[in-house]
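Listed in order, the protein sequences are those of chains L and C. No gaps in the numbering here: position 471 of the first sequence is 471 in UniProt numbering, and each next residue is one more. No gaps in the numbering here: position 415 of the second sequence is 415 in UniProt numbering, and each next residue is one more.
No lab work stands behind these hints: they were computed from the structure. One should not assume that every hint holds.
[To be verified] Here are the simulated DSS-like cross-link-like pairs (lysine-lysine), alpha carbons at most 30 Å apart as the crow flies: (1) K448/C x K490/L; (2) K432/C x K151/L; (3) K512/C x K483/C.
[To be verified] Okay, the calculated bits of chain C under chain L, using three or more residues with CB under 8 Å as the criterion: (4) 127-134; (5) 138-151; (6) 389-399; (7) 442-455.
[Stated by the list, open to error] Anything over 10 Å on all C-beta distances counts as not near chain L; from chain C, calculated: (8) I38; (9) A231; (10) L297; (11) L383; (12) D402; (13) M407.
Even glycine gets a Cβ: it sits at the ideal position worked out from N, Cα and C.
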Amino acid sequence: MPSTFEYTWDTPVYKGKTSFSTGLFIGGKFVDGSNGTTIDVINPATGKVITKIAEGTPKDVDIAVAAAHKAFDTVWGLKCPGGERGRLLNKLADLMEEHFDEYAALEALDNGKTFTWAKNADLGLSIGTIRYYAGWADKVHGSTIETGEDKLNYTRHEPIGVVGQIIPWNFPLMMLAWKIGPALATGNAIVLKPSEFTPLTALLTAKLIQEAGFPPGVVNIVNGYGNTVGQAISEHMAIEKVAFTGSTLVGRKIMEASAKSNLKKVTLELGGKSPSIVFDDADLDVAVNWAAHGIYFNHGQTCCAGSRIFVHEKIYDVFLQRFTDYSKSLKVGDPFATETFQGPQVSEIQFNRVMSYIESGKQEGATLHLGGHRIGTEGYYISPTIFTDTKPDMRIVREEIFGPVGVVIKFKDDDDIIHQANDTVYGLAAAVFTTNVNRAIKTAHALHAGTVWVNCYNTIYANVPFGGYKQSGIGRELGEYALDNYTAVKAIQINVT
Amino acid sequence: MAQPVEISIAAASRKVTVPTGLFINNEFVPSVDSNELIQCINPATEEVICSVVAGSVADIDRAVAAARAAYNTTWGKNVGPLERARLLHRLADLMERDRDTLAELESLNNGKPVRVARDFDIGDSIGCLRYYAGWADKITGQTIEVDNKTKLAFTRHDPIGVCGQIIPWNYPINMWAWKVAPALACGCTIVMKPSEITPLTALKLSELIVEAGFPPGVVNTVPSLGSVGGAALAAHPDVDKVAFTGSTVTGRKIMEAAAKSNLKKASPERALLAILEQVSLELGGKSPHIVFASADLEQAANWAALGILYNTGQDCTAGSRLFVQDTVYDKFISILVSKAKEIVVGNGFDEKTSGGPVVSKMQYDKVWSYIESGKQEGAKVILGGQKRAGKGFFVDPTIFTDVRPDMKIVRDEIFGPVLAVAKFSTEEEAVKLANDTSYGLGAGLHSKDADQCMRVSSALEAGTVWVNQYNLLYNNVPFGGKKQSGIGRELGSYALEEYTSVKAVHWNFGEKLDWPF
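The shape of chain L in the complex, shown without the other chains (with noise of 0.2 Å):
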């Protein structure tokens, strides 16, 4: 029998308490790990273990498929109408909502991010996502196409069947509502493993979709380490699509997999080393402030973070200061104590790599122009972070460090900004800083990049599109296109005698 996990708050911030059980969510149930065996969770502010949860392995991953198929076959897929899908999904998001603070309070927790970032962001995004994919349910629409009055031509848009999804550690219950609010809506059944960082709040989520009425076997979590059960989702013969956000590495080993296994849909989520691009006609409070946010929000722990800032040389001297200034204001500290504005980094692992990155930026001669140290003894805190003085080869400037580590390069005019911006591997976002909308929108045009933000950052949307050019993945999140992620299309000929 799996335990439940209970924990209470009486901070500054919060008071409150949270219950649920620790198994895996396998046909409506919470079970045990087939092997027994559980995975510490580690609270990142004092890297002390806050709970077990139960481990699945590769055979789990079976147990959860067969379940979702059993599910897809008998009551879900298109034997379930549209607007009982919508309806489920509504009533979740209305489940969700009555367990607001709890959730921010559990992600802050689990994750690191403060309690307050967790309520006026993720949650409000989180819930949003369900709420958007819910009135999709019954609008899934094909089309009748044209071809002759001897024929009867039409599309038909089915759910693909059993789908896996492998969410990271950096927005455990917004990238959940990101990836089950398309699969459900367009009538896919989930096997899903949340990241072991960060599943607290996965398994709180079971416990509602199971309260919300979802027919045992729909959604299924599976908590476990990637080389296990991500591996195993990723090379099953019987799902035929795996969704995944996180790293690029191992974006490419789940390609891998399909192409070794069944050719399953892929879709990816991956890194990126967005450029913000301060022009000189720039507002420079609003650019600074967006700046600053598109680097520091989430602890820099952001697939889309404006990592790399770009400002033009005339502006340069007086940008850096009051980016500098600003850096040195941000509170970094307990998620719950009411002036904290950054919290630790999600875990160890990540504590040393964003640390190594700060140290390769040392030694390859960059000038480290502001934090670059470890705050505090207990927990992953890292200080807001600048590097100035870098060159293109730079490891600081071409990979992806994850963590509030902003490199910061002068440039001299339009053509040169759009060939330095573009030079990267990734293409998933980008900001243009500019009070002149025409030169906003030539260099929006000309960045390769899924977003490009003018004069803001981060700024996130559930029915605006959202996803990478190049090796930052392939497919969009969000708005009505995810829904191509989840249907497959059917084209049925009738010919009319």
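With chain L held as given, fit chain C onto it using these hints.
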């Protein structure tokens, strides 16, 4: 006047308060300049339920002004899609909560069975509100490539503005939902004129508009005579769009008024600024129902009976002309007659009842005059055709055979449980007979021959063709008429087009204009 009244629903042991004033700016108010009242009659007993304020032309002006003010300040482009969706969902929740009360009030005023009102009319209405709530944040335009070096072209689907909505008495709550939901989802504000015969549920629903949290002026409800309030809305220079469901005769008047409105009433300067009203119309029908020899006769009889008896035949898509293939004619007719006999027509509060009275004395007299004309023109009555004694506007199922295409009962919309039946021998003949009408709202066919189903459904000139069924609609499938049955479509994604106005933006970021050109 304009105070709420308490109505006693004896059969349900319930008292309901119903507001009787005009609903403008989230308040129930008296008329500005008139003492006229509308009497609401219970068609099962012919007794007066209560009276409500009758809106005047000046009241319509006031309501339009309120709707325009709301559109410019708290609604229209000032309210985001998520908020519109949230409010529509909230309204649906409240309708769900008050389902039983609304069903009883609907039955009292319209006559339809309470259980039908509760399960179908209100059930579908709640679904309609939720369906359009889901569209609110999905109203997208296009970006269009013209010249990548210098131009950005895109469209915006803006709300059309202030909408006048005029709804009929046959499905008061359902027609209210079909109109209100897409208009609000798109960001429009509304002046709703419910039918003067059945205004009570629209007024009760206006209370829910307030409770749900819609800002004042977003929805306004002005019960009024068609010739007063309806005409005023259709001709109003500050109403951007009028949507009407009702008879074809009135539909024509509305279209005329809309066409004339920017020139006739306005002063010369304003004539240049006044808007040519957009019009969408859901009008009448004389829908054909075809039974081919290969059909499952038992099932076809069920659907054919439903087609003419549902809502006591007061349905714009009523399958009022039945064409049966000669080889199965006798057998089918005898099954059909026995099906029709099983339907209990009576008081809506009786659980046994499947059909209530027709809605008013005027409709009662009209239906009976058609039945008389059928007899006089030589058609044969094989069921019904006899008036009942006693109170209530009850018309029993009536079936005419041996009809000719020129008979009034074959050409005109009767809007009662009166069916005209004819024979045919070939598929071509059936299609020709079916299409021989100025209407084009619905059509049905029954056949087990799939190719025949495809050919005939393709050939029938109707906005909705039912194959091996009849009458059933879904909120996500469009509905509307061809020919003189109407303009535009309701339901589905198509309804959004009725309430949005497309603006194309051409943005130049690189082209310099040489001068002189």
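To see whether the hints hold, each was checked on the structure:
1. K448/C x K490/L: holds (25 Å)
2. K432/C x K151/L: holds (22 Å)
3. K512/C x K483/C: Given pair K512/C, K483/C is violated - Cα atoms ~49 Å apart, limit 30 Å.
4. 127-134: As far as the stretch 127-134 of chain C goes, the hint holds, because 5 residues have Cβ atoms under 8 Å from chain L.
5. 138-151: Coverage by chain L holds here, the residue count being 3 at a Cβ distance below 8 Å.
6. 389-399: Not satisfied, violated; 0 residues make the cut.
7. 442-455: Per the Cβ count (3), the hint holds.
8. I38: Answer for I38/C: holds, closest chain L Cβ roughly 36 Å.
9. A231: The claim stands: A231/C keeps its Cβ more than 10 Å from every Cβ of chain L (closest is about 37 Å).
10. L297: holds (25 Å)
11. L383: holds (37 Å)
12. D402: holds (34 Å)
13. M407: Holds: least Cβ distance 34 Å, greater than 10 Å.
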